[in-house]
Each structure stands twice: as C-alpha cells, then as structure tokens.
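Colleague: Single-letter residue listing:
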Amino acid sequence: MSTTLKDEAAIVGIGETEYSKNSGRSELALASEACRAAIRDAGLTPADIDGMTTFTMDTSDEIEVARAVGVGDLTFFSRTPHGGGAAVGVMHQAALAVATGSAKAVVVYRALNGRSGARYSQGVSGGPTTSDLIHWSWYMPSGLMTPASWVAMVTMRYMHETGCTSADLAEVCLAQREHAVKNPRAFFYQKPLTLEEHQSARAIVEPLGLYDCCQETDGAAACVVVSPEMARDLPNPPAMIRSVSQAAGAHQESMTSFYRPSLTDLPEVDLVARQCWEISGLTPDDIDAAVIYDAFSSIVLFQLESYGFCKKGEAADFIRDGALRLGGRLPTNTHGGQLSEAYIHGMNGVNEGVRLIRGTSSSQPEKNDHVLVTAGVGIPTSGMILGKA
Amino acid sequence: MSEAVLRYDQVSVGDALPELPIELTSSLIVAGAVASQDYTPVHHDKEAAQAAGMQDIFMNILTTNGLVSRFVTDWAGVDARITNVSIKLGTPNLPGDTMTLTGSVAEKDDAASAVTVDVTGKNAWGNHVTGTVKVALAAGD
Amino acid sequence: MAISGKEREDFEKQLEPYVGLDIGIEDRGRDPVNAAMVRHWCEAMGDHCGAYTDADQAGNSVHGELVAPPTMLQAWILGGVGMATGESDPRDKQKELHRLFDAHGFTGVVATNTEQEYTRYLKMGDEIRATTVIESISEQKATGLGIGYFINTRTRFYDQNDDEVGWLTFRVLKFENEAPAAATEAEAPAAAGRPQRLKPALAHDNQWWWDCVEQGELAIQKCSDCQALRHPPRPMCGECQSSDWEFVFSTGQGTIHSYVVIRYPEVPGYTYPLVVAVVDLEEGTRFVGNVLDVEPDDVEIGMAVQASIELVDDEMKLPVFRRA
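Protein chains in written order, with this note's numbering: chain L, 6 to 394; chain R, 734 to 874; chain H, 131 to 454.
Next comes chain L alone, as it looks inside the complex (with noise of 0.2 Å):
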C-alpha cells in the first residue's frame, strides 16, 4: 500500500487558450477550450477522462465543463480553496485521485476573466455573513481590502528585519521579464524592462510599485494527469509528480495572518517544502529550475528562503548576480510568471513546469531532471516536484 505521494501521478497532456485583456466570451467557454487542448495535447479523448478538479474560486462546475467537453461519467471531482494557494493543491487532488484508483485520468482546469471580468486588484466587499466575511470585516473598515495591500503589510516588515529594497524586488520582475520576451503567449512579449522603468513606475501599496503586481488576465488553463503505467502509452514525455503537498499554518488567516509571534514566518509553506522534500527525498540542489508563484515579486523572495534555496533574510543576496535568469543557479519563472506572462492563478505555471521537463520552454535551461512549482503566498498553499520519468 503506498504511503507517498511520489511517483503515483504523471502529467501528460497541456492546454491553454489565449492570454489577453478581453477574451469576449463566457468563462465556461475558456475552461472547457483549455480542457480540449489538454485532453487532446495527451493524445487521449473526452472519453478517457474521468476525473474533473478546479479552485473554489472558479466559476466553471466541474459538471458543465464536463458536459462542454463531452467527458462522460466522472468518479472524481473536488475544489481547492485559498486562490492562488490551490495552484498546486488541485494538483494533489488529481495525484490523489489516481494514486487511489479513484480516477484514471483527471483533468485539472482553471479559467477567468480576470482583466474584463470580476477584478481582483478592486478589492473585496460584501457578500453572505460567512466565517470569510468576518474575516474581511477586521480590514475593510481600514482600507486594507486588496491582495497588494496584504502582501505589501508583510514584504514591508520583511525589508525592515532583511534590508531587502526596492531594487532587489526589481531583480526578481527584470529577470522574469527577460523571459517572456522570448515567450509569444506573454503579455509583454518582446517588451523588455529596464531598472529605472521598475524604479520610477508608481506606487500601488508601497513597499509595492506597479511592476511589482502581477497582471490582470483573461484566459484559462488545463492539464490532464493519469499514472504512470497509463501515460507509458501517451505521446508526449510524461512530466511526473515526484512529490506535491498542501499545508496550512499555526495562525492562519486569508492573506493577513498578522497576529503570528513573527509577521514574517510562512509556516504553511515551510510545512510544504519539507513535505516536498521529504517525499520526493531531494533536495534544493536536486533542483534544475522552478516556477516560483509570484502575484507579486516579493513572495517568491520568501519563497527562495521556505524551500531552502537559501537562508531566511538572504534571498535578496541570493538573486543579486542572476541566479532567476538563464544560466543562474536556479532559472525561476521561465515563462514570465504571472508578472509578465499571464495571470491565471498559477495554472500556466504548472503548464510551464510540464514544459521545463519536456524541454520545450521558450526560455529552456539545459539541466531539467526536476522543476519545482508552487502555489500563492499568505495563504493555505501547495507546491509539487516535477521530474522526468
């Protein structure tokens, strides 16, 4: 009987629609067109699927896009809550699903409107006198009601206690930036960023300035994860997940988990790392590349330090002299990120860890045996290794 999650589960098929600020159509027509592709990009048909997995924040029902894409009897389906911090935690519900037997092939989508729809930079307000209300209601009255703005609480605080500035944030968005230049489905493809450009934009929640904020996008995003002895019989090189976890923390709250002994410790993702870790039974070194999740360009400084890339308080040193970019110690986000590809709460970056393994990035490093990728920051969160089979 297995007891890991390692090895159990392999991605091989990816999908995605176009990135953009109007899409002009429904988001059902955006997850099930990106669930095509993927279904299609695995070489299987909607008939092979079984298994259907998406956030709670998504609109789509598993059973609509389903009947969209003409996938049949389903024995799975589940939602990851927390935003971002489901980006992978949608993941450990499809390994799970075909760990157990419970489904054969499961796709996993996510799909928004997120520029000509419901904004998430405009803030939350209102709605049912939920446990989740309440928690907003510690915050709204003060204007504190926007992601930047919560990120922004803590990366201040982290620049206080480290010495982390402006510029060292910039490094993180200049080297992402330099990626999606290469990268044809990026919004700021063939747009290149300067230092005085990041330096100079204006502020949107200081510590946090315009390009430290990822994007806002229309487009939706898919993958399609079966076992490993059904994708030995698939056309594209399985991508397989060596080890995924999810985690909570002691004193977690929604994005302001403010009242911890350190306004800096991220326990839910130390919690998941060492799961990663212990689970896969590698080690940062073991890692060729990564897919950092970055709404904004601060977590994934916190990021480099939780999974042990470096020391708490040196991922500033740690990035200084290139090591996001390619040929750096650990090429970070090589499709852009959702700083500069496209902001689709972390799913095209699962679909850009999948091509890393393939070898089939845009901006491909050479040395690809394992690619980390992980989900939102301030969260309950998640995070996977990828690796060749």
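Any given hint could turn out to be false.
Unchecked claim - Derived lysine to aspartate or glutamate pairs resembling DMTMM-like cross-links, with alpha carbons at most 25 Å apart:
| hint | chain 1 | residue 1 | chain 2 | residue 2 |
| --- | --- | --- | --- | --- |
| 1 | L | Lys26 | H | Asp232 |
| 2 | L | Lys317 | H | Asp410 |
| 3 | H | Lys225 | R | Asp778 |
| 4 | R | Lys855 | H | Glu245 |
| 5 | R | Lys779 | H | Asp232 |
| 6 | L | Lys26 | H | Asp140 |
To be verified - Which chain H residues face chain L? A few, computed with CB under 8 Å, are given here:
| hint | residue |
| --- | --- |
| 7 | Ala132 |
| 8 | Gln270 |
| 9 | Ala331 |
| 10 | Pro362 |
| 11 | Ser388 |
| 12 | Val390 |
| 13 | Val391 |
| 14 | Arg393 |
| 15 | Pro395 |
| 16 | Val408 |
| 17 | Val418 |
| 18 | Asn420 |
| 19 | Met446 |
It is worth saying that the hints were derived from the structure and are not from the lab.
Cβ coordinates follow ideal geometry from the N, Cα and C atoms, glycine included.
Once you have looked at the hints, place chains R and H on chain L.
Modeller: Here is chains R and H on its own, set in the frame of chain L:
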C-alpha cells in the same frame, strides 16, 4: 478682483496653486449648463438624470473646464493667457458634494514664458478631473 | 456579453468608413461673442478675472480689450434650449455612428478626455463657426465600465475671417452598458449621498467587539480560564480550548510593527494616500488600523502610537492611531 499679475520669473516648478474648494450645488450645475448653452437634460432635469442611471443632475464638461480655467487665472492673474486645457474626466460632480481643485507647476517653457500646470479636481467619490493647463505669463522685467 | 467572432468583424468593418469623416454639419454661433453671455458664464463659474468683465482692467492687460474666457469656446456654438428635445440633424454622421454602436449593444456613452487649444482669445463681436471630424476609432477595449470603443473627434473653430481660433478634441467611450439601459455621460456612483467606508459584517462572534467600539473602547478578548488574550475574536481559546471568555479594554498604546501606504485603487469613502498599520498593543496582541496625521514618508516601523476611537466617516466609529 484678480488685479495682481503673476510674472513668469516669479514661478518655479513645483509651486502649488492656492487650493480652491467648489461647493457643488444644483444652482451651480444648472447655471454652468445654461451659461454654456448646454441644455442636455441630464444637467438640469433630475428625472432625466435619474432615468440615465444617476442619482441627480450632474455637472457638464464645459463647466468643469470653466472652473479649471478660473482656478488657474485666480492664481495667474489678468495677464495670463491660457493656450491649452487637456483634461481627463472621472467621477461626476453631483449636488451636495464638494470638489476641491489643487494644482502645481509641472513645467516651464522659457521661450514662450509659459508654464504647464497639473490640475486635479477631487470630490468625495474620487477624481472628477485631472489634467494640464498651459498658460503664458507676463515676462519678467 | 460583447459581440465576438464574425459578428465583431462585420461590425468593425462598418466602422471603418467613419474614420476621417467630416460629420457633415457645420455649427454656427447664433450670436457674436458678446458681453452678456460672458457675464453669465463668469457669474456661474465665480470667475472674477478682469480680462472678461472689467473694461478698464482688460484694457490695461496684455489682452488690450475685453475678451471671452477661453474655455467658453464651445459655448458659442452649442444649441441652447433646442438640445433639450434630444432631436438631432439627420445628416449628422457622428450621431449616425453612435446609433450604429447602440444597435450592436454599445449603448453606454461617456466622455473620458477632452483637450482644447486656443490660437487666440475671442473678442467681443467675433463670429464663430466650427466643423468636426471623426479622427479615429480605437480597437475594442476592456474598460472599467465595460467592453467598448473609444471615438476621437476634433472640432475646429473659425472666425469671421475664416481664420482658425482654436480646436477641441473629445475622446468618447461607447460601451456595453450592463447597468441601466439609458445612456449616461459619467460613471454613476454606487449609492446615493456621500460615500461611506465599507462596514463590517456583524455576527455572533464579533458583534460585541463593535459594540465596545461604539462605546469608545478598543476591546481585547480574554480567555476566562487560562487568561490568554486573543485578537481577532473567536469563540474558543486556542490555548486551552475553553469556550468561556470575557474582555479587557486596551490602553491603546502601541508601536508600529509594519505598515503600508495604499495609493491604488482609490475606493470612495476613504482618503488617500491611506496608511494602514499592524500595531503591537502594549497588552501583547496586535491590531490593524489607520495611522492618521502622519505624513506617509514619516511613518516608521517601531514608531510609538496611541489609539483613539473616532468617527471615520458620517456613520462608522473605528479605532485609529496617531503618533504618541
């Protein structure tokens, strides 16, 4: 009366203009619309404004421009010659609110002895107007 | 949902002939530039500039004589009371273009930008006419109001000698108006009256805390068994699992643990830039609130602050912090 004359050499980039709060009354909104010969119903007829989805009549663009021009000449005086007004429109000016105009000198053009003034008119809902006014001033003696 | 695919292609093809088109009607001022209209304008605007209404001052100024306020430019050619009927000249290509947008679901209209340039100030007796050209139509855009297209027009103004005295551009958004069916000229506020801050949702576990705020107190929940303080309030003690609790009042003294300066987006009801801080209260719990009367650049981690309970708008009391 604005008899004082502001000379070009008395102005520096960064200088702030005196703040001008404008009480937004129905009278002002209607008077501005009528004085500008703009009888579009939403600017004088509350029912028409409500049918258009607004809670009340709202200020027309010519009045906004007129107030912006006044804001600048109140500061610059009778010898000022406005050559360009470029504005972006935002939240509407509705009765019962106050719009506060603030501004500062953004650029100086020595050849034309003209300055560019950045102007913002803000009401309770946000920026009603943001923009620039180019104004030629009397050259220094 | 905005039109897409073939339908959108066909629609956009129909727009093409309008780009560069003169709207086909000339606007002619019904009166020459005159002192009475200038006086009405200046009275409405509260504009006391002597160049417009005081012949002596105007004569001694660079203008040399009475002139009209430059921003009155368009007023000389507008239609007056006739505009109230909403009827328009059937030859007007600009109106025709708007009707084409209306027919494809883009019924909303809002002017977003306008620019005027003045070649010279108008003098009493000047006779003004104007012609308008549709200069450009944008690609389909996603805007805060909805999906739509920007139309740019330019109106050129001429005097009795056919010399150009100035021009005026308008950038107008025709958008898919999902709110009220009727056209609006501006973005409608969400509610009537002055904007207020977002209010907390009240329920069993937090109502008591807000009641304390109403009475002017910053309360901290306290476990009745192990005496541990906790914030935000919750129904059980995480330390000893007791469901019994009471509360103490904070002195409001604290230091800033972290803070942010919010500049975007500006939500109606709040004043920006808005400083929000996580404050270490001297009792040992933390609290998140606004810091008032300190310039954003002067706020620091470690700064000593003092809370007070104040009305932050017309309706809501909130604990706020000032430099101690």
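Colleague: Confirm or reject each hint.
Modeller: Here is what the structure says about each hint:
1. Lys26(L) x Asp232(H): Between lysine 26(L) and aspartate 232(H) the Cα gap is close to 23 Å, so the pair holds against 25 Å.
2. Lys317(L) x Asp410(H): Holds, at about 23 Å.
3. Lys225(H) x Asp778(R): holds, 22 Å
4. Lys855(R) x Glu245(H): holds, 19 Å
5. Lys779(R) x Asp232(H): With Cα atoms ~24 Å apart, lysine 779(R) and aspartate 232(H) stay inside 25 Å; holds.
6. Lys26(L) x Asp140(H): holds, 21 Å
7. Ala132: It holds, given that the least Cβ distance between alanine 132(H) and chain L is near 6 Å, below 8 Å.
8. Gln270: Check passed: Cβ of glutamine 270(H) comes within 7 Å of chain L, closer than 8 Å.
9. Ala331: Check passed: Cβ of alanine 331(H) comes within 4 Å of chain L, closer than 8 Å.
10. Pro362: holds, 5 Å
11. Ser388: holds, 4 Å
12. Val390: holds, 4 Å
13. Val391: Result: holds, 4 Å to nearest chain L Cβ.
14. Arg393: With Cβ-Cβ at 5 Å, under 8 Å, it holds.
15. Pro395: holds, 6 Å
16. Val408: holds, 5 Å
17. Val418: holds, 6 Å
18. Asn420: holds, 5 Å
19. Met446: Interface hint status for methionine 446(H): holds (6 Å vs cutoff 8 Å).
Going through the hint list in order, the structure satisfies each hint without exception.
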